[in-house]
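> Listed below, chain by chain, are the residues.
There are 4 protein chains.
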Amino acid sequence: MAHLTLLIHCKDQKGIIASVTNFILDHGGNTTYIDQHVDAQENVFFMRLECFFEQADFNVELFTKTFAQDIGNPFEMQWQLYPATQKLQMAIFVSKYDHCLYDILGRYNAGELQVNIPFIVSNHKDLAHIAANFDIPFYHIPVTKDTKALAEQRQLDLLREFKVDFIVLARYMQIVTPTIISEYTHRIINIHHSFLPAFVGAKPYHAAFARGVKIIGTTSHYVTEELDAGPIIEQDTIRVTHSHTIPDLIAKGRDLEKIVLSRAIKLHAQHKCFVYGNKTVIFT
Amino acid sequence: MAHLTLLIHCKDQKGIIASVTNFILDHGGNTTYIDQHVDAQENVFFMRLECFFEQADFNVELFTKTFAQDIGNPFEMQWQLYPATQKLQMAIFVSKYDHCLYDILGRYNAGELQVNIPFIVSNHKDLAHIAANFDIPFYHIPVTKDTKALAEQRQLDLLREFKVDFIVLARYMQIVTPTIISEYTHRIINIHHSFLPAFVGAKPYHAAFARGVKIIGTTSHYVTEELDAGPIIEQDTIRVTHSHTIPDLIAKGRDLEKIVLSRAIKLHAQHKCFVYGNKTVIFT
Amino acid sequence: MAHLTLLIHCKDQKGIIASVTNFILDHGGNTTYIDQHVDAQENVFFMRLECFFEQADFNVELFTKTFAQDIGNPFEMQWQLYPATQKLQMAIFVSKYDHCLYDILGRYNAGELQVNIPFIVSNHKDLAHIAANFDIPFYHIPVTKDTKALAEQRQLDLLREFKVDFIVLARYMQIVTPTIISEYTHRIINIHHSFLPAFVGAKPYHAAFARGVKIIGTTSHYVTEELDAGPIIEQDTIRVTHSHTIPDLIAKGRDLEKIVLSRAIKLHAQHKCFVYGNKTVIFT
Amino acid sequence: MAHLTLLIHCKDQKGIIASVTNFILDHGGNTTYIDQHVDAQENVFFMRLECFFEQADFNVELFTKTFAQDIGNPFEMQWQLYPATQKLQMAIFVSKYDHCLYDILGRYNAGELQVNIPFIVSNHKDLAHIAANFDIPFYHIPVTKDTKALAEQRQLDLLREFKVDFIVLARYMQIVTPTIISEYTHRIINIHHSFLPAFVGAKPYHAAFARGVKIIGTTSHYVTEELDAGPIIEQDTIRVTHSHTIPDLIAKGRDLEKIVLSRAIKLHAQHKCFVYGNKTVIFT
Chain A
1 MAHLTLLIHC
11 KDQKGIIASV
21 TNFILDHGGN
31 TTYIDQHVDA
41 QENVFFMRLE
51 CFFEQADFNV
61 ELFTKTFAQD
71 IGNPFEMQWQ
81 LYPATQKLQM
91 AIFVSKYDHC
101 LYDILGRYNA
111 GELQVNIPFI
121 VSNHKDLAHI
131 AANFDIPFYH
141 IPVTKDTKAL
151 AEQRQLDLLR
161 EFKVDFIVLA
171 RYMQIVTPTI
181 ISEYTHRIIN
191 IHHSFLPAFV
201 GAKPYHAAFA
211 RGVKIIGTTS
221 HYVTEELDAG
231 PIIEQDTIRV
241 THSHTIPDLI
251 AKGRDLEKIV
261 LSRAIKLHAQ
271 HKCFVYGNKT
281 VIFT
Chain B
285 MAHLTLLIHC
295 KDQKGIIASV
305 TNFILDHGGN
315 TTYIDQHVDA
325 QENVFFMRLE
335 CFFEQADFNV
345 ELFTKTFAQD
355 IGNPFEMQWQ
365 LYPATQKLQM
375 AIFVSKYDHC
385 LYDILGRYNA
395 GELQVNIPFI
405 VSNHKDLAHI
415 AANFDIPFYH
425 IPVTKDTKAL
435 AEQRQLDLLR
445 EFKVDFIVLA
455 RYMQIVTPTI
465 ISEYTHRIIN
475 IHHSFLPAFV
485 GAKPYHAAFA
495 RGVKIIGTTS
505 HYVTEELDAG
515 PIIEQDTIRV
525 THSHTIPDLI
535 AKGRDLEKIV
545 LSRAIKLHAQ
555 HKCFVYGNKT
565 VIFT
Chain C
569 MAHLTLLIHC
579 KDQKGIIASV
589 TNFILDHGGN
599 TTYIDQHVDA
609 QENVFFMRLE
619 CFFEQADFNV
629 ELFTKTFAQD
639 IGNPFEMQWQ
649 LYPATQKLQM
659 AIFVSKYDHC
669 LYDILGRYNA
679 GELQVNIPFI
689 VSNHKDLAHI
699 AANFDIPFYH
709 IPVTKDTKAL
719 AEQRQLDLLR
729 EFKVDFIVLA
739 RYMQIVTPTI
749 ISEYTHRIIN
759 IHHSFLPAFV
769 GAKPYHAAFA
779 RGVKIIGTTS
789 HYVTEELDAG
799 PIIEQDTIRV
809 THSHTIPDLI
819 AKGRDLEKIV
829 LSRAIKLHAQ
839 HKCFVYGNKT
849 VIFT
Chain D
853 MAHLTLLIHC
863 KDQKGIIASV
873 TNFILDHGGN
883 TTYIDQHVDA
893 QENVFFMRLE
903 CFFEQADFNV
913 ELFTKTFAQD
923 IGNPFEMQWQ
933 LYPATQKLQM
943 AIFVSKYDHC
953 LYDILGRYNA
963 GELQVNIPFI
973 VSNHKDLAHI
983 AANFDIPFYH
993 IPVTKDTKAL
1003 AEQRQLDLLR
1013 EFKVDFIVLA
1023 RYMQIVTPTI
1033 ISEYTHRIIN
1043 IHHSFLPAFV
1053 GAKPYHAAFA
1063 RGVKIIGTTS
1073 HYVTEELDAG
1083 PIIEQDTIRV
1093 THSHTIPDLI
1103 AKGRDLEKIV
1113 LSRAIKLHAQ
1123 HKCFVYGNKT
1133 VIFT
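Top to bottom, those sequences are chains A, B, C and D.
My numbering puts the first residue of the first sequence at 1, with every later residue one more than the last.
My numbering puts the first residue of the second sequence at 285, with every later residue one more than the last.
My numbering puts the first residue of the third sequence at 569, with every later residue one more than the last.
My numbering puts the first residue of the fourth sequence at 853, with every later residue one more than the last.
No lab work stands behind these hints, which were simulated from the structure alone.
Accuracy of the hints is not assured; some may be wrong.
Claimed, not checked - In the EDC-like style, the derived pairs of lysine to aspartate or glutamate whose C-alpha atoms are separated by at most 16 Å in a straight line are: (1) A:Lys252 / C:Glu680; (2) B:Lys536 / D:Glu964; (3) B:Lys298 / A:Glu54; (4) D:Lys1118 / B:Asp430; (5) A:Lys252 / C:Asp816; (6) A:Lys266 / C:Glu618; (7) C:Lys582 / D:Asp878; (8) B:Lys298 / A:Glu50; (9) D:Lys866 / C:Glu618; (10) B:Lys298 / A:Asp26; (11) B:Lys550 / D:Asp1088; (12) B:Lys536 / D:Asp1088; (13) C:Lys582 / D:Glu964; (14) C:Lys820 / A:Asp26; (15) A:Lys272 / A:Asp35.
This one's a predicted model, so the numbers in the text were calculated from it and none came from an experiment.
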C-alpha cells in the first residue's frame, strides 16, 4: 500500500498525461489528484500528481525503477517521487524577531505543517526560551566577521547531521553563505518585508514610508546568490495611509510576514512549488 | 482539426483520468489541460479537460459517439463536449442601473468575453441608448401585474429565437418566472448586492448599514426558485467604516457588483463552473 | 505635564469642536489630534481628541472638574478622559485553542498592545504551559452544569481583585454569564469565526462549507446577551474554493481569527471604539 | 448661507484647531467635519475642515479676507477655501484604451463624481464615439514628432478656454509636456499599471510576468517631470498565478486601473489630497 506524490517537468509533448496515468493504472494504482501547467512561451510541461496503490505487496523501488525506464527516460523528464505523507526535515534560522517563529511553531504544534523541526539555529540567544517551550533543540551560533567560516561549518554540520531537507529563514538577519545556498538550491525559504521587486535590500519599510506608498507588502522567496532576487513563492499586501509612522508599518508588516512565510512553508512541504528559470509554478 | 473542452462528472472510481486521456491519445489527440476535483464527502469526481486534435480529417461526431460507448457509458458519466473556441449566446436582462451593463459591454467590445450577445431585454426604456451605442438589439418588455404572463412569453420567444445559452441578470429588478428558471436551470446568472448568505432579499445595503458591518460584499450565483439561495459562483468584499452612509455603500457596492458579475460570466462562458447539490466547483 | 485622550459623544449641535479645543487652549494645552464623526441619521456627534499640557503643575483633577462644569454639562455630553499612555487591565479567557492566545501574547511581549495582562482564565488546563512561558498567572476554572455559579463567582472575584478593565474571549468556548456581561457592558471582546451576520452560532465553518461560499470571514464584536449579535468592532475575509475541506477552512480561519481579534484589542485599548445603538464608531 | 471646505497646511504649532474653529464660530458658522494630520518628522500640520453658515447674508469674500488677516497670516498658513458643492472642471486625455474612459463616464452619468467634464482630448480618433454617446465634446489632437509643439499649444488653448482645474490621463499613452506639467502642478492625475515603485516605465505587465510576481498592482499618482515618480494618490493589488499569461495580466489589470483611477479622481475632486514633499496626505 502506498500514497505517492509524483512531480514531473519536461519539454511539452504529446501523450504525457495519458502515458503517466496509464502507467500508474497498469501498476495497480489510481491517480487521485492532478495539477498541471504548460508554459507556452518556454514549451515546458509541469505536473504534480497524487496516486494511490492499495495492494499489500506494492513495491516502491520496483515501481520507481520501471517508471524511469518506461516513462521518465523516454520523455526526458525531470521527476521526483515522494511518499505523500512523508514529513520533510525543516531547519529554522532566526535572529531576534520572534513573530515568525511563534507563528511557525504554533502551527507546527497544531499539526498544520507537514514537517519535522530537528533544530533552530540563531546568531543570538534571545529566542532560546521559545525553542525550549516548544521542546526544540536550539543552537546558538554567533556570526561575526572572524567567526564566519566557523559558523558556516557548524551550520553545515547540523544540516547534514539531521538530514535537513530545507531551511527557513524566519527573519534571520544574516546573509546565508554561498556554500550553503549552493548545497540547498531552491531549498532555502526567506521572508522579505517588501512587495518585491519594490524595495530590495535593507530597511524596506523606511523606503516604503519615504516613497509614500498606500499599500505595503511582503514576499517569500527562495534564496539565490543575488539578494532578494530569487524565485517568488508567495506575496501579500495590506493598505496603509499617511497616518502610519515607520513603527506602524513595521507592526502591520509583522502580520503579513508571519502569514506569508507560513504559507510558503506549507507549499514547499507539500511539494507544490516548482522552480524553473527564476520563477515558480505553485499548485495550490 | 479540433480544440475541444470536455466536462465530466461521475462517481469517483479507479482509472478515470487514465482512461479518458488514453482514449484521447488513441484517437490522435493530445490532452493539453486538466482541472480535476474529487468531493471526498460525496465521492464525486469532476474533470474539465482541454484536448487538441491536429489531424485534418478529425470527425467530432464519430469521436463523440465512440467516447459515449467506450468511456461515458461504462463509467456512468455525465459529460459534455464543447468546441473550445465556441461562443455561447448570452442574453442580458436589465432594469435601470447601468453600471453592470457598461462593464459587460465594455469587456464584450474589448474581446474579453467569449460570448455573443444577441439582445438586451429590459422592463424599462432607460438603458436603450447604451444598447444602441454598442449596436445590440434592445427589447423593451414592461412587466406589470397584468402583463406578467405576456412578458414571460415574449421573453421566452426571444430566448428561443436566438437560441440563447444563458441569461445574465445585470441588476434586473424583477423576479424571473419559474418557467424560465426551469428552462434555464443553472444557466441564469444573477448578481446579488450582499455577501450571501448575509442579507438575503431586498435592500441589503440598508440591512448592512443597520447591522454596522465593517465589510460589505457581493455575490454572483445561479438563479433557483428560492430567492438568493442558488449555487454561488463568485463573491468579493470591500471594507467600509462608520463614516459611510447608505448611498456610500451603494456606490462602493457598484464597483464590486460589476467586477464580480463579469468574472462569473467569464467562468460560465468558458465552461469552468460545475453545479452539484447547491454548490459549485469552479476551475479558474 | 499630561497627555490626555478625551472621548465625547452627545447630540450634534453648533460650536462643540470650537468650545472644546478652545477650553483646552485656555487651560494651557494643545489639541494634537482629532477624530470626529456625526451620525446624520441619529444626529449624534462623536469625537476622540488627544491633547497635551506641558506645564509642570498641570492638575488633572481640576481640569476634569472644570471641563464638566464648563463644557460637559452645558452640552449634555457623555465623556471620558484618560491618560493617553495609561495601560488598561485586560483579562484573557481561553479554552483549548492556542492560536489567538499565542498571537496576543507575542504582541504583548513585543510591546504592540497597550495593556497589562494580570491573568488568563480557562475552563481547561491545556494552555497553562503557554501562560507559564509568558510569565502570566493562569487560573483553571472548570465550568460544568453543576459548577456554573461557582465558576462565575471565581471569575468575578478575579476580575474585581485585579481591577480588570476589559475581557478578551480568545476562542473561549463557553457562554459568558449575564451577570458578567452586565458588569462589563461593551467591555468584553469576542472573536466569532464567521463573517457576521452570516453563520451565527456553532460550527460556522461547517455552515460555510455547506452553503458553498467563495469567501470566509471572521468578526470581532462586543458581547451582548444575544449570541453573536453585539456591536461589530472589526472583520476580515479570505478567499476559499471548492477544493477546501472543512479542516482547510478551519486552518485558514485561524489566520483571520488571530489577526482580527488582535486588531480589535488594540482599538479598544487605545479608546478608539465608541458603541452606540448596536453599532460602533471606530477611529483608526 | 454657505457650505465651505477649508484646507490648511502649515508648521505645527499650538492652538491651530482652536483658533480656526473658534474663528468660524465667531462668524456665525459651525464646523461640521474635521480631518487632521501632523507629520511628526517634518513638523507639518494638515487640516481639512467643512463648515456651514446658515445666515442668509453670509459674505464669503469678507470671511475670506478676514480669515487671511486673523488666522492665515499669523499662523503662516497655506490655505484654500472652496464652496463644498462646487464642481471642478476636469479634462480627460485618452488614447485608444476605453476601459478607464467608460468607467469614468459611467460614474459621471450616475452623479458619482463631483466634476464637470468640458471635453475629452485624444491623439487618436478611436474613442470619439464614446464621447459622442455621453454628449461630451471630443478633440482629436494627433501628436507626432513634428506636431508636438502645435499639439501642446492646442491642448493649452483648450485647458485655458474651459478653465480646466485638473487633468486626468485615462491611459493616455503620451508624455505630457513640461509646460503643461508646470502649469498644472499636482493637478494632473495619471494611472500607471504597476504597483509603484516596482516596474516603472513601459510594459509593466511584461516585467511583472518576467519577475514571476504573485500579485500585480496599479497606482494613481500626480504627474511630475520624472516619469512615474510623482506623489501617489491611491494603489490597489490583485492576486495572479503562474497560469496567467501576459494578456491575462493585462485583462486583470484593467479592472484595477479603472477602479483605482476613479477613486483618485473622487479624492481630488473633493479636495481630499494634500501634496507635500513627494508624498500625499489623503483624507478619506
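> Now, for every hint given, state plainly whether the structure supports it.
Status of each hint after checking the structure:
| no. | hint | result |
| --- | --- | --- |
| 1 | A:Lys252 / C:Glu680 | holds (10 Å) |
| 2 | B:Lys536 / D:Glu964 | holds (10 Å) |
| 3 | B:Lys298 / A:Glu54 | holds (11 Å) |
| 4 | D:Lys1118 / B:Asp430 | violated (44 Å) |
| 5 | A:Lys252 / C:Asp816 | violated (25 Å) |
| 6 | A:Lys266 / C:Glu618 | violated (44 Å) |
| 7 | C:Lys582 / D:Asp878 | holds (11 Å) |
| 8 | B:Lys298 / A:Glu50 | holds (13 Å) |
| 9 | D:Lys866 / C:Glu618 | holds (13 Å) |
| 10 | B:Lys298 / A:Asp26 | holds (11 Å) |
| 11 | B:Lys550 / D:Asp1088 | violated (22 Å) |
| 12 | B:Lys536 / D:Asp1088 | holds (15 Å) |
| 13 | C:Lys582 / D:Glu964 | violated (29 Å) |
| 14 | C:Lys820 / A:Asp26 | violated (38 Å) |
| 15 | A:Lys272 / A:Asp35 | holds (9 Å) |
Checked against the numbered hints given earlier, the structure breaks hints 4, 5, 6, 11, 13 and 14 and satisfies all the rest.
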